[in-house]
Amino acid sequence: MAKTVYCDIVSAEEKIFSGEVTMVSAAATTGDLGVMPGHAPMLTGLQPGPVRITRAEGPDEIYYVSGGYLEVQPNHITVLADTALRAGDMDEAAAEQARKDAERELADQSSEIDYGRAQAHLAEAMAQLRTIQKIRKKAR
Amino acid sequence: MAVGKEIRSQISSIKSTQKITSAMEMVAASKMRKAHDQMDLTRPYAEKIRNVVGHVAAADTDYEHPYMEQREVQTVGYIVVSTDRGLCGGLNHNLFKTLIRDLAQWRDQGVDVQFCTLGQKATGFFKNFGGNVVATKTQLGDRPSADELIGTIKVMLDAFSDGTIDRLYLVNNEFVNTMTQEPQVRQLLPLKPEKTQESAHNWDYIYEPGPKELLDGLMVRYIESQVYQGVVENLACEQAARMLAMKAATDNAGDIIDDLQLVYNKARQAAITQEISEIVSGAAAV
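Chains as they are written, first to last, in this note's numbering: chain A, -13 to 126; chain B, 1186 to 1471.
Don't take each hint at face value.
[Claimed, not checked] Here are the simulated lysine-lysine pairs, DSS-like style, with alpha carbons at most 25 Å apart:
| id | chain 1 | residue 1 | chain 2 | residue 2 |
| --- | --- | --- | --- | --- |
| 1 | B | Lys1339 | B | Lys1377 |
| 2 | A | Lys1 | B | Lys1219 |
| 3 | B | Lys1282 | B | Lys1312 |
| 4 | A | Lys120 | A | Lys1 |
| 5 | A | Lys1 | B | Lys1216 |
| 6 | B | Lys1200 | B | Lys1432 |
In short, the hints are calculated from the structure, not lab data. Just so we're clear, the structure is a prediction, and the values are computed from it rather than from any experiment.
Could you build the full structure based on these sequences and the hints that come with them?
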């Protein structure tokens, strides 16, 4: 029996996941990281990207977050997601479209565009694609 | 027979009004259920983030966040959450009344006030009432999303950070139950340090990258989640208030129809009686 720790993933709009897990891996601002039971208390920011939940039984679950915070307490892990959706719900075409739009906005020098925002859009779309590819690989 | 033609048309017009109000009542009831569910869904995030902020506040870092700083009050900011649509009884009116009472205190102390309005009704109210409205957001719809609010909240947070306002309040309706909605004014900034039981233990986080970067983002999220919750709660209040108002309207329409029906029947009866007595007296004369 593997050691487990309680994990909650919540976004401002809903509760996304809650249960016992053996590992949480996420893309933190300082690089990818995995948290296992017994981790020291920690607070870190998250980049847009997948959060993978490994459970003692059953398949892994992957959620996409577009940023947020990861908090580790002695017996509790909390992911405060900015906007998290179930990765399976995501539409790859829409992500591709968003990326194209963002790229077009970046390329279009003439109009007044907030480049910082366009870049953020691009990063988000890439992260969504990465999540979808991961899920696909697993499905095969 | 031309008796009571006006009364009849009045009855039918009130009946169609009654149909509309009872339909609105049912729509509001189902929307209220949804809004209430959404309110429950947003609660875990607000609780978690409150816990985290509580921990951070209790932990002794070298970094004192500006949102904790108590300053002498010269200007205050209000985020006023109202509905977009009317026909919800005295909901907005009561909210504004509470707000005005609060404002009177600040005026006595010579304190300036700035507003940020969410929802059409608050925007309209300040157009008439006057007041320095610095940010507005309307048309939030039946399912407001948290990212729609970010811009408007940021205006107020920036104002607090650069010292334009020294306190920030949130004004919204509190959902007590379906029958009762209470207007409330809550202080958002500066944060009042909350003592939780958990703050007794003395472990601290590893901050990655550093406490400053994390806290800056976290505090903004915290305020955003508080405001978002306020908006969602106000939405549930709106639907509940509309349901009650429409129920009352439907009942009142029923009463008026009953009264008019009685008047109509009496008039009809009187006309028949008169006709009979005319015929009888006519026959007697022959």
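Here is what the structure says about each hint:
1. B:Lys1339 to B:Lys1377: Within the cut-off at roughly 20 Å; holds.
2. A:Lys1 to B:Lys1219: The given pair, whose Cα atoms are some 16 Å apart, holds under the 25 Å limit.
3. B:Lys1282 to B:Lys1312: holds (16 Å)
4. A:Lys120 to A:Lys1: At roughly 23 Å apart (the allowed maximum being 25 Å), Lys1 of chain A and Lys120 of chain A satisfy the hint.
5. A:Lys1 to B:Lys1216: holds (20 Å)
6. B:Lys1200 to B:Lys1432: holds (14 Å)
Consistency note: the structure conflicts with none of the earlier hints.
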